[in-house]
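*Asks:* All chains should be built: construct the whole structure from the sequences, respecting the hints.
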Amino acid sequence: MALYLKQRYGKTALVAGASEGLGAAFAEYLAAEDLDLVLIARRLQPLHQLADRLKEKYKVDVTCISCDLGDQNSTKKIKAVLTDRSVNILVYNAAISYIGPFLENPPENHNHAARVNMITPLNMVHYFGNKMLARNKGAIILMTSMAGMQGSGYLSVYAATKAFLRILAESLWFEWRKSGVDIIGCCAGATSTPGYINSDPAETGFFTPRVIPPEKVVKLCFHNLGKRPSFITGRGNIIASVIMHRLMPKKMAVNIMGKTTRKMYRL
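Using my numbering, read the sequence shown as starting at 1 and increasing by one per residue.
These are calculated hints, taken from the structure and not from any lab test. Misleading hints may appear alongside valid ones.
Below, in silico cross-link-like pairs of lysine-lysine (DSS-like), each with a Cα-Cα straight-line distance of 30 angstroms or less [unchecked claim]:
| # | residue 1 | residue 2 |
| --- | --- | --- |
| 1 | K55 | K77 |
| 2 | K6 | K216 |
| 3 | K76 | K131 |
| 4 | K6 | K79 |
| 5 | K76 | K6 |
| 6 | K227 | K259 |
| 7 | K259 | K216 |
| 8 | K137 | K216 |
| 9 | K57 | K77 |
| 10 | K79 | K11 |
| 11 | K227 | K216 |
| 12 | K251 | K263 |
| 13 | K227 | K6 |
| 14 | K77 | K59 |
| 15 | K216 | K11 |
| 16 | K59 | K216 |
| 17 | K219 | K178 |
| 18 | K216 | K57 |
| 19 | K59 | K79 |
| 20 | K11 | K55 |
| 21 | K59 | K137 |
| 22 | K55 | K219 |
| 23 | K227 | K137 |
| 24 | K137 | K219 |
*Replies:* What follows is the structure in structure tokens.
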């Protein structure tokens, strides 16, 4: 696929939530495709470390933006830094989850999660998508989650925001299907990122999520981009989804998700 992305979409990719894990894997993959990068994260030091490594290894241009994507003005800040610079590929990977009973987290936490996971990507898709459609060329990847495929107790707001992103991606896929702009929602299961590992999930038996390396998730995203509105990562996750969403009653699927999450996080 050498230089395929650059030829099809253009020369610059933006990755939101890029400092480590899946976001860093996206940045590496795109740099290997000879795309210049705009990397966004709250913590600037790991972002600069990643940027320096990618610039040295792939000889690409990398712009770093320190930004709290939970700030209501985050999109305005990003637009101000980029001014008239074109973004040809947008990857929104940033997310935050407050695990636990809904009422034990204050509204401030839930509102912050909604802004990071839902409002900011909505604003960025609107802004950059508008410019892509004007050029009849571009691509957007929205990272969603298996948690958003049904109600997920103890992950209620996270699951709801991820369901929003999946439905947004699928809806815009239909609206934009003849525009030259590709959009896809990646329904990722457990991925071996620092965030997932640090959450210290316990084994819970058959329904324990099958962990996938971030590099594999990234490759699957670009393999499916332009072919379908959304997809699920990993054969094990696909099988689990078929069982839970086609063979099981909704009540049973929601019960399994809630009980599995409670066991995983010892709630």
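*Asks:* Hints first: check each against the structure and report whether it holds.
*Replies:* Right, here's what the structure says about each hint:
1. K55 to K77: 24 angstroms, holds
2. K6 to K216: At roughly 20 angstroms apart (the allowed maximum being 30 angstroms), K216 and K6 satisfy the hint.
3. K76 to K131: Holds, because 15 angstroms separates the two Cα atoms, which is no more than 30 angstroms.
4. K6 to K79: Judged against 30 angstroms, a Cα distance of about 22 angstroms means the pair holds.
5. K76 to K6: 26 angstroms, holds
6. K227 to K259: 35 angstroms, violated
7. K259 to K216: Roughly 28 angstroms separates the two Cα atoms, so the pair holds.
8. K137 to K216: 25 angstroms, holds
9. K57 to K77: Holds, at roughly 29 angstroms.
10. K79 to K11: 18 angstroms, holds
11. K227 to K216: Holds, at roughly 18 angstroms.
12. K251 to K263: 18 angstroms, holds
13. K227 to K6: 18 angstroms, holds
14. K77 to K59: Holds, at roughly 27 angstroms.
15. K216 to K11: 23 angstroms, holds
16. K59 to K216: With a Cα-Cα distance of about 24 angstroms, the restraint between K59 and K216 holds, given a limit of 30 angstroms.
17. K219 to K178: 24 angstroms, holds
18. K216 to K57: Between K216 and K57 the Cα gap is close to 20 angstroms, so the pair holds against 30 angstroms.
19. K59 to K79: 25 angstroms, holds
20. K11 to K55: 15 angstroms, holds
21. K59 to K137: Holds, because 25 angstroms separates the two Cα atoms, which is no more than 30 angstroms.
22. K55 to K219: Holds - the C-alpha atoms of K219 and K55 are around 21 angstroms apart, at most 30 angstroms.
23. K227 to K137: The given pair, whose Cα atoms are some 15 angstroms apart, holds under the 30 angstroms limit.
24. K137 to K219: 21 angstroms, holds
Of the numbered hints listed earlier, the single one contradicted by the structure is hint 6.
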